[in-house]
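Participant: Protein chains in written order, with the numbering used here: chain A, 17 to 579; chain B, 95 to 377.
Just so you know, these hints were derived from the structure itself, not from any lab. Treat the hints with caution; some may be incorrect.
[Unchecked claim] Cross-link-like lysine to any residue pairs, in silico, SDA-like; alpha carbons within 20 Å at most:
no., chain 1, residue 1, chain 2, residue 2
1, B, Lys296, A, Ala546
2, B, Lys230, B, Ala257
3, B, Lys304, A, Gly119
4, B, Lys296, A, Thr186
5, B, Lys348, A, Leu115
6, B, Lys328, A, Met248
7, A, Lys187, B, Glu294
8, B, Lys345, A, Leu112
9, B, Lys345, A, Gly119
10, B, Lys348, A, Gly119
11, B, Lys293, A, Arg577
12, B, Lys304, A, Leu481
13, A, Lys50, B, Glu283
[What the hints assert, rightly or not] Computed footprint of chain A on chain B; a stretch qualifies when at least three of its residues, placed anywhere within it, have a C-beta under 8 Å from a C-beta of chain A:
no., stretch
14, 238–248
15, 309–321
16, 364–374
[As the list claims (entries may be wrong)] Selected chain A positions facing chain B (in silico; Cβ < 7 Å):
no., residue
17, Glu109
18, Leu112
19, Ile114
20, Ile116
21, Leu179
22, Phe184
23, Val239
24, Met267
25, Glu307
26, Arg449
27, Asn535
28, Glu536
For glycine and all other residues, C-beta sits at the position ideal for the given N, C-alpha and C.
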Amino acid sequence: MSQLSSTELFQFILAITVMLGFGKGFGELFRKLKQAPVVGEIIAGIILGPTILGYFFPDLLKFVFPESGPVGYSLEAITQLSILFLLLAVGLEVDLGILIRYGKSALITTFYGMLIPFIFGFAVAFLIPQFFIDNPDERLIFALFLGTALSISALPIIARTLLDLNIFRTKLGMMIIASAMFNDLIGWIAFSIFLSVAEGTGTGLSIVSPIVLILLFTAVMIVIVRKLFHRMIPWVQKELSWPGGIIGFIMVMGLVGALITEKLGMHTILGAFIMGVALGDSVHLRESTREIIQQFITNIFAPLFFVYIGLRINFLTAFDPTIVIIVLVLGFAGKIIGAGYGAYKGGFGKNESFAVGFAMNSRGVLEIILSLFALEMGIINESLFVGIIFLVVISSILSGPLIKLSLGKDKLKGFVQLLSSEDIVISNAVSKRDAVMELVELACSKHKLDKTNVFNEVWKREESLSTGIENHLAIPHAKIDIKKPIAVIALNKDGLNFEAADNELSKIIVLLLTPKNENELQLKLLSEVANLFADKTNSKEIINSDSSEEILSKLVKIKSRME
Amino acid sequence: MGIPFKKIGLAITFSPTGKALLYEAGRLVKLFAAEIVLIHNGEKTLEAETKLAELIESAGFNFSSVNIEWVKGDIADTIINKAVEKNVDLLLVGALEKENIIKYYSGSVARKIMRQAGCSVLVLTSPSETPVSFKKFCVSVDYSMQSENAIKTAYDLAMLEKAEKLILIREIQAPGLAMTVQDSGSMREVELARQTWAKEEKDKMEMLIKEMNLTEIDIETHCLYGKEGYEANKFVEQINGDIFVVPAPQKKLKLFDRIFQHDFEFTLKQIPCPVLIIRNPGK
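If we strip away everything but chain B, and leave its shape as in the complex, we get (with noise of 0.2 Å):
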């Protein structure tokens, strides 16, 4: 069993959603053994500090231990740049399942981390001041490396939580396959390829998880036919799952992505639940 992440980054703020954030990266340290580095954009004012110093030792932190970098400019920028720097190998950051349109494709902080950090990104939308461990993990397979990378991560990640079931998904979708019922096809044969197709894809999760040995907690695999990225991120919705997680795009996403939805832009349009974004340092 792996260590996924040995160094964890945190964006702290003063806010109710700050603070539970703490409290989630001090199980994820504690559970990693990990190193964490807290990064506050502001002043550096005898004030900001006291009240940062009561905020981390509340969460169960030794203030004078922690790593804390002060940084000032835009936020999300300032924050992926100090994890590059610091070497950081997981981001934490807090998001809203959902944000208004305008917001959306203006881009908020937490959704500008999610498309451009260099680190991998833990997600959470409800976080609590009683954290709790992930017990159902769903996995995006897309058969790349990214894919493999995330999956290996995902199921060590699970070992690591004791988890119930690591899930499985992948998304099949070819359009233009309605339209051969123009040209000869019928439904049924329509139906019957599709249907070949998903068993194609059952038999290689199953020969990928041989490949891959992961023999020691309970695997299903799930393929779903429809537009890749938002049927997945239906699924995880629908069977409640307790964590995501998702290779990175190979691609920097811009506008351009929201408008013309990128597969990974269904995530952050709708964050199903915890999501974790899977990308190699220095990639």
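So that you can see chain A by itself, here it is in the shape it has in the complex (with noise of 0.2 Å):
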């Protein structure tokens, strides 16, 4: 085996340090502004490449990162290994149970929130594929490609972003996380067929075949295999040193996949990610051991490879503004109509379908992949690259306050949330019924609802059992037939009987009225109301208010002083 020289190695390992130190830096500094990683590792990447080092010091460039020789291909190699164990790790969150569970809704969105911009892209592709490419001969090959680019998800933008806003474990949050995994699967699996397409029409090959063959391995790895690592898993964690045997396990059977589908004449990719999906929906595999995993491959290859994107192109000389723009509607309308009208028709409201529509929007690493692959096979060119780097580059930027903005202070259902000073009074009622039916005429007006229906289904909840609560708390409620949560307080100085367990007089009185099939909701407004006032100085503080304006900003305030 020929070695490389002393040169070389150190040509090799400097690279190696000066991509992995800037884009982790990178990386970082875009944490630090609550922004993803990736748009650090790829500004590194640029800053690194051609666009900038290249432009000033190209000579430097030329000894740092070689672009042929032995360190040339070493890297490229690198880059190789980093796409492959980043889609190991994207398939080992995919949770075939949580497909199931969410199905309908989850199917829905991620029919129309691929179909529509797939349509999108196809046929601009198709239909003035001048604009991007030189050959319009191409043209289907070419519109095949941007269909399925602009029609994948980022499901780690996603779900840090749905972590961040405090929705992830909502019906909607869960959705989203579900359509996007939906989206991976099927994703990568067009991806794959797309590639093959792609191979098959130089060659002169069949199509059919290798589609048939992506869909049955697909299949094979799912059904039988991932019942196989099931009963291997145990073993390998309780015989194997751990963490390091699982992972290890982990990542060699990542590439043994990968050499499956390379063999079958499918793309190394494919084998890596499906080879994660069947060893990740595992009941035995633990948590701990996904996360040491993602951390692995989040900081060794993710930084490798997105830095390498960068090295790959000169950004300013593929700039082409036209291209960017035409890309950034294309991509921002399809998904956001597509994946929104989805999660309508999947029975969420407008704002949450927005909401769909602005999460499923993000991009990320799969468009980066596909379109490398693309460059690299001819089928695009370096502007239409650099299109799709500024889509992934904008639309993981703006997921996070789009989704906000949908939801606006509905996000959360939080307790808090739902108030304004208008739903505030300061009572003088005599008795809890009066104080009740004060609070029901309060909500009713505001929201145009029966008094008198609403009234008895609160009182017979109140009779059933009293709803008095410790620290002079009592949250009368019930569910009653509306979509969204609502609630009022009364503050009565004096204090009437709720029968709390500290045989206290209740002073603040909260009404919750919750949707009728939305029991968890329910539990859940309760206990933060409860738990508002666990603190004796909480209660207190509210005793002591004047007005509702008053009550309402120390709510505001004892809630950001628990979070």
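Assembling the complex is the task here: the two chains are given apart, and the hints tell you how they should meet.
Facilitator: Structure (structure tokens):
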């Protein structure tokens, strides 16, 4: 085996050090700025590549990052390996159970969320190919590429945004995650088919057999091999060192998957991804193992890959504002309209559907990998590649703020977010019944509800079990025919007997009305209110208020203090 | 305190397990002051009738006053249909803790009844001729109406049994959470998110207990993080639960749900202890 010379070894280690150091550094910087690290890593690549470093110091660029020769090939090999491991990590997080649990709504969202952007991309590429490619005869394969590239979403960015917005575990959040997972699964299979078609077009081979082979491979891996892993993983975790044994096992299996698909004439990435799905679905795979693998891949291989992207392209010379705008408009419009419409069809409200559209509009590693392959195969030029990178960067930056905007203050459906000063009253009621009636009237006049029906429901619940809680709090409540929860508060300084466990009179009376079919939401709000006043000082603070505005501002402060 | 079941159905066979199940049924009939319907799949011959009479009387029932239904055909289907016809609200069946892979996927009689019965089902893996009462009740919670119904039934049953403890189990899972570390998250943040969710779930369960006014028995709440269905099953096994009460799935489970395991299928695959599947009659 021939070896790298001392200079080549030095060059190779220097290249990796610079790529990793800059990539990680910019990634961390963007993390601090509350942006996706992938954006920082790509920018690090742009700085290190022909766009900036190459412009000022072309010789230095050639020395540190040679394009050919042993060092160039070694860097290329590291990038290929990075892509495989990134795909393995994506596959590991695809949960087939959640796909089944949220099946229908997630499927509808995914269907429209992929179909509409695909049609947008395909139609534009097919009808006006001259904007993007030199040879219009290759429009079909190019149209397939653009349709596929625009139809896929980025699960890590979506998951992170949902966690930041504190809606990860809500029905909406889980549906978005399920849709993003469906999107990944279908996206990667479609991507492999696309590659087979692209390669087949050149060689004149039938495109049917690779498609059948891809679907067959996926089915065998998910139905049979997944079950085998389910039996093997407990043994690996028990008998081998932890976490080294299981991490090594997963990495090796990812590579085995890549080898199998390569041997079968499919692309290596499909093997790594599907192997990840088969492994990750096991109930025995510990959460900490997943996190360690994600950390390992994210902190080593992701920066290397994203920096490499910047090294490949001169972003200044390849930048074409028309193409960038077309890609952005097509990407944003297709995904937001498609996924938003799908969510709406799946039963979500208007604002929530927009939120789904904005979330699914996040793009990431998949688009970049797909575009890189297309670039290497000569299907697209560097200008379109840069357009796709812009789409990834801008959609990643905007997805969080856009979701926030669409959900407004309803986003958490939290108790304090439900209130405005009009929902708070200083009460002089002298009986529990009068106080409940006063609150019911307040809620019903604002929300145009039948007060007799609402009162009857609340009172029925109150009579079955009084709702007095410790620290001068009472929470009369009922489930009624409404779409969103309603909360109103009365402050009664004299106090009323709601039979609280601590025998104190209730002075803060919170009426909670929740939709009939949302048991969990009612429990969540009830426990949230109870927790808010579990500390006596919080109750005292509210009792010592003189106006509804003062009460509201104190509630906001208490809430943020508790967070 | 309510009586959860008024009519108990039992598919009677001549096997040793069948005999033990009859004894178990006898105990429950007394406990609930319920009526019993015995369903026997087979030809009604004099010999079979005599043998059945001996078996029934040995378990303490009066043969002449017991309602026996003779059925023929697919065992599971006939039992399920007869139970519906006779308005049975609890079917008692015996089952192996775990079946071999082929049987699991092809579907055994007991598993088919658990999946498809129109009423609640009590599954006993080790029925005994000297049955004992259940002391440690575990209930799976998901806040649905079915789940509330399961908690209420478990509570009533626990009161009747003078049980030591009722344990409410809530499973939570956030698929894709580990992936947030890929996009600027840290393991500490992820762990913090999990802890916050677990606390929220505990609070909700405590509130549920108050809402349902479950005051007369010692109740514990547990929030488990992991694959829903699997974690609760494992937990019940680990703490040696005496009975695991679960709401029936809201749809009929098919082969697809065994391949891409539905939450409920984890319990069917490895039955951790006696399992009571709560199904609302007529739903």
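Participant: Taking the closest Cβ pair, is Arg449 of chain A under 7 Å from chain B?
Facilitator: With Cβ-Cβ at 21 Å, over 7 Å, it is violated.
Participant: Report holds or violated for chain A covering the stretch 238–248 of chain B, Cβ cut-off 8 Å, minimum 3 residues.
Facilitator: Answer holds; 3 residues pass the 8 Å Cβ test.
Participant: Taking 20 Å as the top limit, are the C-alpha atoms of Lys296 of chain B and Ala546 of chain A close enough?
Facilitator: The hint holds at about 13 Å.
Participant: Apply the coverage criterion to the stretch 309–321 of chain B and chain A: a residue qualifies when its Cβ sits closer than 8 Å to a Cβ of the chain, and three qualifying residues are needed.
Facilitator: holds (count 3)
Participant: Holds or violated: Lys328 of chain B with Met248 of chain A, Cα cutoff 20 Å?
Facilitator: Roughly 18 Å between the alpha carbons, so the hint for Lys328 of chain B and Met248 of chain A holds.
Participant: Min Cβ distance, Glu109 of chain A to chain B: is it shorter than 7 Å?
Facilitator: 4 Å, holds
Participant: Can Asn535 of chain A be said to touch chain B, with a Cβ gap under 7 Å?
Facilitator: Result: holds, 5 Å to nearest chain B Cβ.
Participant: Would the pair Lys187 of chain A and Glu294 of chain B pass a check requiring their Cα atoms to be no farther apart than 20 Å?
Facilitator: 15 Å, holds
Participant: Taking only the CA atoms, is the gap from Lys296 of chain B to Thr186 of chain A under or equal to 20 Å?
Facilitator: Status holds; Cα separation ~16 Å.
Participant: Is the hint on Ile114 of chain A kept, meaning its closest Cβ partner in chain B is under 7 Å away?
Facilitator: Holds, because the Cβ-Cβ distance from Ile114 of chain A to chain B comes to roughly 5 Å (cut-off 7 Å).
Participant: Does Ile116 of chain A pass the interface check with chain B, least Cβ-Cβ distance below 7 Å?
Facilitator: 5 Å, holds
Participant: With a cut-off of 20 Å on the C-alpha distance, tell me whether Lys348 of chain B and Leu115 of chain A pass.
Facilitator: 16 Å, holds
Of the numbered hints stated above, those contradicted by the structure are hints 3, 16, 24, 26, listed in ascending order.
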